[in-house]
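> Starting from the given sequences, assemble the full structure and let the hints guide the process.
Residue numbers (our numbering), protein chains in the order written: chain A, 1 to 509; chain B, 1 to 287.
The hints are simulated quantities; they were obtained by calculation from the structure and are not laboratory data. Computed from a predicted model, the values in this text were never measured in an experiment. Hints are not guaranteed to be accurate.
[As the list claims (entries may be wrong)] Listed next, the stretches of chain A that the computed footprint assigns to chain B, with coverage defined by at least 3 CB atoms under 8 Å from CB atoms of chain B:
no.: 1; region: 358 to 365
no.: 2; region: 378 to 391
no.: 3; region: 421 to 428
no.: 4; region: 476 to 488
Think of the CB as a built atom: it goes at the ideal place given N, C-alpha and C, for glycine as much as any other residue.
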Amino acid sequence: MSQGLYACVHASEFPSQALLRLRPDLQSLPVAVLEGRAPLEQVCSMNRNARQLGAATGMTRLEAEALASQSGGLRLLPRSLEGEAAARAVLLECAASFSPRIEEGSKDADRDASAGTACALVLDIAGTERLFGPPRALAERLRNALKSAGFRASIAVSANFHAARMMAAASRGITVIPSGEEAQALANLSVALLAIPDSHAETLGIWGIRTLGELAALPEVDLIARLGQAASTWRKLAMGAHAHAFQPIEAAFSLREFCEFETPVEQMDSLLFVGARMIDSLALRAATHAMSLALVTVDLELEGKQAHRLMVRPALPSVDRKFLLKLLQLEIAAKPPPAAVLSLALSAEAGQSSKVQLGLFAPQTPEPSRLDVTIARLKAIAGEDRVGSPMLEDTHRAGSFRMANFTAANPPDEEHEGQPRMALRRLRPPLAVRVALNAGQPALFHDGSQSYKVATSFGPWRSSGCWWSMDGWDSDEWDVLAESQGAPVACVLVMDRGKHEWRLEAFYD
Amino acid sequence: MSARSATALRLEIEHALERSFPAALTPAQRTLRETASTGIAEVDALLEGGLPVGAISEINGPESSGRTTLVLSFLAQRTAVGQVCAWVDADDAFDPESAAANGVNLRQLLWVRCRKAGGPVQSKQAAKPWTRLDQALRATDLLLQAGGFAAIVLDLGDTAAEYTRRIPLATWFRFRQAADRARTSLVVLAQAGAAQASPAQSSNAQSGAALALQCAVVSPVIAGGTVLRGFHYEVRNERQRFTPFAVGRKKPPASVWPAASAWDASGDFADVETSAAGEVLEMEQSA
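So, in C-alpha cells, the structure goes:
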C-alpha cells in the first residue's frame, strides 16, 4: 500500500480576505473586520496593514475607531458570512483543480483562536507527481492559482494529514515535510495547535510544556495516567504519527460571487468595478471546467430592503470578460437600480463553450457576441420592448404582432417567388379623423391638419372579435382612394362601432 | 500585326493629345458593383441587376407610391437565402403583416422601433421628430458597425423632408464607408432626397447615395372593381453612381411595375397584370 501525501491550504484572516478579494481598491489600505451585534462588535479579522497599525483580534468597535482616528486610514468593515461562503466555494474550486479528494481542515481546530477565522483545506495529492511534479512544484502552482483567485494562503505538504494541517496553520509560505521527519518539523510549534481542553492545557502550562516537541518527549504511559486516554492522541499528533481516515467532501459546482458594500453605492462605475472582478472570477472558474457562462443573474440588494434582479444572457455561452462586462454595463444602464446598492451577487449558469461551425457557403450573418452588444445598445436607445423580430399572432385583429428576441441563426425559408403585394404603413397610434359620409360611403375626411377628398372607397369590411374580453374589437374598415393637395393616396379608414369613432389606421405604400 | 498597329496608333494619338485630353481613346474604367435583386423584374431591368451591395440606395416618394412594397420585396429576396436584415423604423410605421405577405422571413428581420414619445429619459425633447431621427441614425450606425446584415432599411418615410435634410453630410459619408466595409445594402426610405449633399442642391451630384430612385403611383385603381387592387407604380432612376460596365448601351431611366393586393391569390394577379405594366418606359433622363 502506497503512503499517503497531503497538502494543506491554510488561508488565515479569511473574513478580511473574502471581503478584499473583490475590492482591489481596499487591498493596499489597513482594513479590520468587525463581527457581532452593535454596539458590541469586535474585530475578528484584519489584513497585514491593519495589524501593523496596532489592530488586534478582539478589539471593540470603540477601540478600533479610536485607533482609526489616531492612525488615520484604518477602514472598518462588517463581516459578511455570505461573502465568505462564496469565497470559500472559490477556494474549494481552485483546490479541486489539483486534486478531487479534499477534506475540510479547519473543523477540528475550532478551539484555536486563529482557526475560527481561517479557512483550511487538505488535499490528498498522492499520485499527482506525474501531473504536477514533485510536492514543492505542486505547492507552488497551487499557491499561484490561489493568488490569481485573490487569496493569500500558506501551504504545507506532509505524509501525515494532521502534520500538514498544523504546519500550514503555523507557518507562512510553502513548507514540505519530508516523510519520516514529521516529529522534528513539528517540534517547535506551539501546543496551542492541538485542540486540548483548557484544564489540561493549563496543566501542561504548569509543567512547562510549550511546544509539540516537548509534549512528544513525555513518556506516553505516564502522560495517559495523568491526563487520560486523550493524551495519547495529543502525543501522536505532536509526533506527526496520528492516523487519519480521509473523508473527502463533495463540492457542488456552483458559480456564485457575492460582495457586500460597507456604504450604499450609487455610482454605476463603482458597481461595475466590482462586477468586473466577479465576472473575471466566474469566467475563470467556468473555463477550468471547460464550460462557458450561458446566463449571469445579477441580484442587487437595495436600500430599503428592495431587491433588483438583472439577467445577462449572451446568445452563445461565453467566457469573454470584456464582452460579458459590456453586456452587464448595458443591462444596468437599461434597467438602473432605483436606489443605492448595498450588496451585489452574481450567479451564473454554465453552458457548453461557444463554438460555432461556420459554413464556407453559408450567408454572412452578424457575429453572435457583437450582435448581443449591438442589440443591448439598441435597446438602451429605443427601449427594451422595441427591438427584436416581429412575430405575427394567431388572431384576425389587424396589425397585431409581438416582439420576439432576434437571433441571427435561423434556417432560411423556402425561396419566395410570389409577386409583390401592396404594403401598409401603419400609424401608431391611429389618427382620429372627422369623416363626412355620402350615401353611407366616406366622401371627405379631415385629420386635423389636412383634408382628403375621397375618390373611391371600398367597404365596409366588418371585423370583430374577442368580444368576451376587455380588448375586443368591432369595426368597419374602408379601403379609400383619396386626394390631398393634388396627390393621390390610398389608405385604410376604420370606424370603431363601439365608440363610434373614425380612425386613419394606415396608408398603402 | 494589324492589331498591334492599331494599338500603336492609339497610343501615338493619345500621347500627342495627352496635354489636352488624357487617355482620349481609352474608355474610362468603371467600378463594377455587386447588386442584389429586388424581386421585381421591371425594377431589376431598370437597375441592371438590382440595388447595389455595400452602398446607400435612396428610395424616395410620397405616400402610396409603392416605395415600401419595393423595399419589402427586396428584403424578401435577402431573407429567403438566409441573410439577415434590419429595419430601423423612425416613425414606427412598419407593418409585419405586409412584410410577411411579401415573403419577408420575419425571423431574419431585426426591427428597431424608435420611440415616438419619450426614450429612456422622458422629456419634452423626446417627442420631437428630430429626437426620433437621432435614435434612428444612432441605431443605423450601430447596425452598420456590427456588420453581418445583408440589408439595413432606414425608414424615414413619414419624416418630413425638412428634418431629413438636416442630417449632416458627414453622417451619410460615415454610413457609406461603413456600408462598403460591411458589404451591407443600406436602403434609405424617404419622402425626398435625404442623402443628398445639401438641401440647396436639387441634383444628386455629391450625394452619399450610390442610387436614388423616385417612386410614384401610376394607376391607382381599376374602375368598377369591388376591392382595392390593380396598383401600378413607376420607378424613376434619378441617380446611379456605379453602373455595370456596358459600352454603348443606354439604360432606361424609368419603369412601371404592378403590385397585387394582399387578398389577391397568385392566379388572380395574372388578370390584373396588364401589358403596359411590364413594359419599360423610355423616358429622357432628368438632369
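> All hints, please: hold or fail.
Each hint tested on the structure:
Counting residues of the region 358 to 365 of chain A whose C-beta lies closer than 8 Å to any C-beta of chain B gives 4; at least three are required, and the coverage claim holds. Judged by the Cβ-Cβ criterion of 8 Å, the region 378 to 391 of chain A is covered by chain B as claimed, because 11 of its residues qualify and three suffice. Against chain B, the region 421 to 428 of chain A contributes 8 residues with a C-beta closer than 8 Å to a partner C-beta. That satisfies the three-residue criterion, and the hint holds. Counting residues of the region 476 to 488 of chain A whose CB lies closer than 8 Å to any CB of chain B gives 4, which reaches the minimum of 3, so the coverage claim holds.
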